[in-house]
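Each chain, written out:
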Amino acid sequence: MSVRSISHARTKGRGGSAAVYALAAAAAFLLLPFGRPGRPFLTIDPALRPWNLDAPWLWLLPVLALVAAAAALAPLPTLRRGNVLTFAGAGAFLVGTAWLLTTKTPFGMGALLSLCLLVVVVGYGLSLSGRVRADPFVASSILFTGLLVLLLVVYPLVTVLQAAVVVNGKFTLTKFLATLQTNRFILIENPFTPRSEGALVRYFALAGLALGLVWSLWRRQPALRVVLVTLASGLAGLVVGLMLFARGAVPSSLTLAVIAATFATLLGLGFALLGQRTRFRFVKASLGAFSVLPIITPPFILAFSMIFLLGRRGLLTFDILGISSNWIFGIPGVALAQILAFTPIAYMVIQGSVAALDAALEEASTTLGASQWHTFRTVTWPLLRPGLANAFLLTVIESFADFGNPLILGGDRNYLATEVFSAFAARFDQAEAAVYGVVLLFVVLLVFYAQARWLGRGSFVTVTGKPSRRAFTRLPGGLEAVLLVGFAVWAAVVVALYASIIYGSFVQLWGVNGTLTLKHWRDLTNAGVPVFLYTMRIAAISAVPAALLGFLIAYLVVRQEFWGRRLLEFGSMLSFATPGTVMGIAYILAFNTGPWLLTSSAVIIVLSFVFRNMPVAIRGGVAGFAQIDRSLEEASTMLGSSSFRTLRSVLVPLLIIPIVSGLIFAFVRAMTAISQVIFVVSPGNQLTTVLLLGWVEQGQTGRAAAMGTLLIVSMLVVILLLNLLTRRRGGITGEVVA
Amino acid sequence: MPAPAPVRLEGVTKKFGQDVVAVDRLDLAIEPGSLVTLLGPSGCGKTTTLRMIAGLEPVSGGNILIDDQDVTRLAANHRDVTMVFQSYALFPHMSVFDNVAYGLRIARISGAELEKRVKEALATVGMVGLEKRSPAALSGGQQQRVALARSLVLEPRVLLFDEPLSNLDAKLRRRVRQEIRDLQQRLGITSVYVTHDQEEALAISDTIVVMQGGRIQQQGSPHELYTQPANRFVADFIGSANFLPGEYDGSTVRVGPYRFPYAQAFPEGKATVMVRPEAVRLAPAGGAGTLGDAEAGFLPATVKSISYLGITSELLLDTPLGELASSVSGEGRSRFMRGDAVEVTFHTAGVYLLPEGGETGP
Amino acid sequence: MRRLFLGVALSLLLFAGIGNAQRVNLLCSPDLAWCEALGPAFKAATGIDLEFIRLGSSEALARLRAEAANPVFDVWFGGTGDPHLAAFNEGLTEFYKPSSWDDLLPSLTKSVGETYIPLYTGALGFVINEGILAEHGVATPQCWADMTNPALKNLIAMPDPNASGTAYTAIATLVQIMGEDAAFEYLAALHQNVQQYTRSGAAPGQLAGRGDVAIAIQFMHDGVKFAEEGFPLTVVAPCEGTGFEIGGLSLVKGAPERDAAIKFIEWALTPEAQMIAATVGSYQVQSNSKTPVPAAAPDLDTIKLIDYDFAKYGDPAERDRLVSKWTNEIFPQPR
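Residue numbers (this note's numbering), protein chains in the order written: chain A, 1 to 738; chain B, 1001 to 1362; chain C, 2001 to 2335.
There could be a bad hint or two in this list.
Residues of chain B clear of chain A, computed beta-carbon distances all greater than 10 Å [stated by the list, open to error]: (1) ARG1073; (2) VAL1128; (3) ARG1338.
Restricting the straight-line Cα-Cα distance to at most 30 Å, the calculated cross-link-like pairs of lysine-lysine (DSSO-like) are [said to hold, decoys possible]: (4) B:LYS1270 - B:LYS1304; (5) C:LYS2253 - C:LYS2263; (6) B:LYS1116 - B:LYS1132; (7) C:LYS2312 - A:LYS175; (8) A:LYS104 - A:LYS170; (9) C:LYS2325 - A:LYS175; (10) A:LYS104 - A:LYS175; (11) A:LYS104 - C:LYS2253; (12) C:LYS2304 - C:LYS2325; (13) A:LYS175 - C:LYS2253; (14) C:LYS2312 - C:LYS2043; (15) C:LYS2097 - C:LYS2325; (16) C:LYS2325 - C:LYS2312; (17) C:LYS2253 - A:LYS170; (18) C:LYS2153 - C:LYS2043; (19) C:LYS2097 - C:LYS2043; (20) C:LYS2043 - A:LYS519; (21) C:LYS2304 - C:LYS2263; (22) C:LYS2043 - C:LYS2253; (23) C:LYS2304 - C:LYS2043; (24) A:LYS170 - C:LYS2263.
Okay, the calculated bits of chain B under chain A, using three or more residues with CB under 8 Å as the criterion [to be verified]: (25) 1085–1093; (26) 1168–1177.
Simulated from the structure, these hints should not be mistaken for laboratory data. Backbone N, C-alpha and C fix where the C-beta goes; we use that ideal spot for every residue, glycine too.
The whole structure should be built from the sequences, with the hints applied where relevant.
Printed below as a string of structure tokens:
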């Protein structure tokens, strides 16, 4: 049997598969109801059968699908067949979508299936007509992922924007501006203080301007740079002035971000140097373990534990040190919680830069006669700078988006991320919540843009298997001692906090009555465990598409050329940049009514997890593809393989580690997520973190601690399983993929 | 084994973006069963051309025909063409057997047939007994052979080679290239081979296509290209060459004071004289006439430098017409020292006339 | 590839199968333990399934608003009355007159009229950690007036009226006791002693229980619950008089399971159902006059209750006005 005849047969067969999809689309249209009367997905409402609908033009859908099927089977030239498939398929798709959009009827199973199948038909068309230079699988995948990102990331965000500026169906900036003027948002001139904050802020801005001007003139910089430096420095002065004197969510979040990011970055740098160059293997190992902690820690729990350890009656502050102060409620407490949570993230980012430091460079500098300090300033520091900037900006973003810590420790100050929730949940004001969401999104995207612009990339934290690093020159003794002590203190605090959680789950009343009891664990088995198991199920269900879709998008973005490639990448990363609370309100605004009705179901929770956690899988996939020579795929193609088969037989096996870590990461993140799902949980679809928030707020501290312990332990087990799976590669630690 | 297929390129063009033309209206006919080498410096468009034949690179204009069937718009995996990659591109997660079986499995061949064909292919390249190995456990030369077997097992209409030897060391390279040539001739598969190494091209090709700037400079047998380069570029790229200004009067060529007969057809007037280094004859100054006809004269020169290359030595000479490289072998070379005055004449077999300037062929 | 798409289609179908059982969807605003106890008892009594989400009354109202066009919930159980009233006025809920209407405490039914169903009532008060007070040498405050004592600086917590109905009830109570101007002067003085305004109505009691503050201003029944759990807390009713809440029970307009919802409402007002509250630590006085008052519950007969004007102070406009006034004139004051 000749290979040639086989491949020819396959070439002709492709039209046949397109016909199968087109016919299936028509069949789905005829057999299943196109719309549904309410939330349940599988209700068969005779009124919503196609022939009972008062829309004769909807019949264009099956007609066009049949045209496509006929074209697929008819002996047409490939190009013509491709064009007919493209236009008939797209036409049918648009007819179906138009009906959903105009009647605002929630999509039924018929619509869902036939539209999905039509996308495949169009994919065949685009491929055969050469409009997309790829095979049908890739062309369909591009369409699918593009439409999904459009529907589940872009559309909700547009809805939020719209909610902020459209009130009662009319475009108006009144609500937007009114919100910006409330003292919850920002209060500069406080009438109740003798001083004039406005004037002080102005002075700071002016001082910034003057300083920038003097500095840039002194450095004899060109005119344009003088202007830029002066403006930037003035802006910095303004920001510092606002942080010092203004009140409200904007200055609070800014101050918090600057403090948390600065300390986290410094600590991260110290730990990174320590981890690379200390002689104590034990410290290295524990650094690796610590880097996993923030990823597996459920929200609220650590902040809550801080109150018991460091609050006014805290074990450490009061019982040991004798301090009785409420410093923990407000910016200092939230900042500390964030520093504890984000230092590992900064550590992981900086670790990459530190690893890139070549000991030989430093040695070369020393042999050229430079002092240690000079070497640091001229060699080490410039090499570290990008990593530090990256870590700083990343922690700034995390700080702005953080929801759990400010909620528990924020005291009565306002923060952007919590105000989105408060405006929506407590003040019944969707428009105001949308305004806060838009502002927060704007700030975070601005920082992301700065990161991409200055550093050429954004960074994302994940867990992966990672090869161990080679040995390095040691740190100077004094520095090592300081860093070791710093690390010891940090580690002691972290250990104490986690131990305190476990302790809290076994005593009558955490912080009040230390009698040991199993009561909370018994309570948990009644009220918490079913929810925990349900959450596990949802997290597992969502992790698979998150990892696979992320991998597929990475493949499309890295290995395929098509129009809109950058847009697809940007769109899919957008859901990661977007703070969870903003995404949460976006989902409830976008999917509660109309054709895309999804609320009050497990589906919307799963989808929100998928699109929230997919970007990390994308980055992991992109990093993985960078390490695989393209010629492997080309070789597979040359041996007759379709791109789907290449993906399955060559790329998936080779990239199984990034895929599995994407899977585990998506699972763990889904288990610990709160900010976006708090808006979309519904009866019967309760999640542990939302339950946890209720318990924390209601003072069910023991049960909350037990649930926290259960979550942490189970996530640790999951991570350890991953570790076993990838032990060959040097074990698992937190890692940043960029 | 199917009958070998002819390959035709008709006005094939490749543009990257709007203005970068990598391959410019290329016409090429490849005889069935022959091995054609695309030769040229990096960036000349040879690899792009190969990838267009493979289907890995979309064609911007023109047509590609394999076996008289237009495959320009056919996807790579449906062209019945296989390729051996520079990096071999063996699948690292599969054994040697699975690598070779990969394409057969896609073609839905299984069981005994599969086993038989894989065994045959591995036997063809002399790799029997290593089926269970992983590619990482093989030497470079062995990997190369597995890659070849993987391509051959599908009995493709056309076999493509993308610089397949560049990752091997010099000695192995010679051996493997001979094996490839033997195999190709034995199986009679139409092959297109890309390399930037002229020696390699000369050694294995039926036809060499010299490319530069996305265009074909010359195509022909290795002998034709070496002895009758169409232009200065080809002459320079195939072997090495000296270029001297001269004049042709219909029967003799004059280069400075030196005159020698030239029998091939060439228009009278000024010309560029190409001389292969090994065609440069030297004699110590004062010994005029010892090399030939006293009437013909010689080109006076001074030895500028001497590089010892083992079996030959390269002498760089200063002449009134410019620098001249000469390759000398045998005992005689020890007579010359740096700074010596010498008399230069040419073996006429290694001399070829190009139009003045000589940038383009006749 | 065909197999892949088949897989996708199949999993879509699987997805669709999740969570479509018939049941009462409850929006539950009181204490979580109470919410949790309802389901099994209701199922035992009627055989109907019940699922709930616990949201504070403000959040619950926001949720009802967000889903107005396509309600998810059938019944809204518990939570301060003002949001129930607002929901009724906005057309989010409808009034259903239960068969036991005449058995409900007349003082409550009279106050709310035919807007929502009274479910329970409870009075506002001080929840006090005596130990902390003793450390600072301050006597236990008995009256609103005692709370502005400078010795109590940083020792008081109350909810934020922007986030909590409890705090609004406190402001409205003070306005009704003192008159608006005097009330705001009082709030300004109180502000100097407040350590923090919490997001949740029950949080101040926790802070006091843990010793982060000494006094919490909140509903007394929540304080009793915390004390029962073991926190060192006592409960005091202010001598000048105090306001109270009427916990509401509403039928959501357009409820997906209206019949089951009505069955639930009827059941929830029976003494048997209302007695569940005390068993799980919720010591509000239940609305059905036939429900026995638990011993631990604050005795409303001994507390001086003001004649709370629910109609006036439950009006969203009035509420917005007072809350904005507090936000702009009290909250920014330095302390």
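Q: Find the hints from earlier in the document that the structure breaks and name them by number, from lowest to highest.
A: Structure breaks hints 1, 14, 15, 18, 21, 23, 24, 26.
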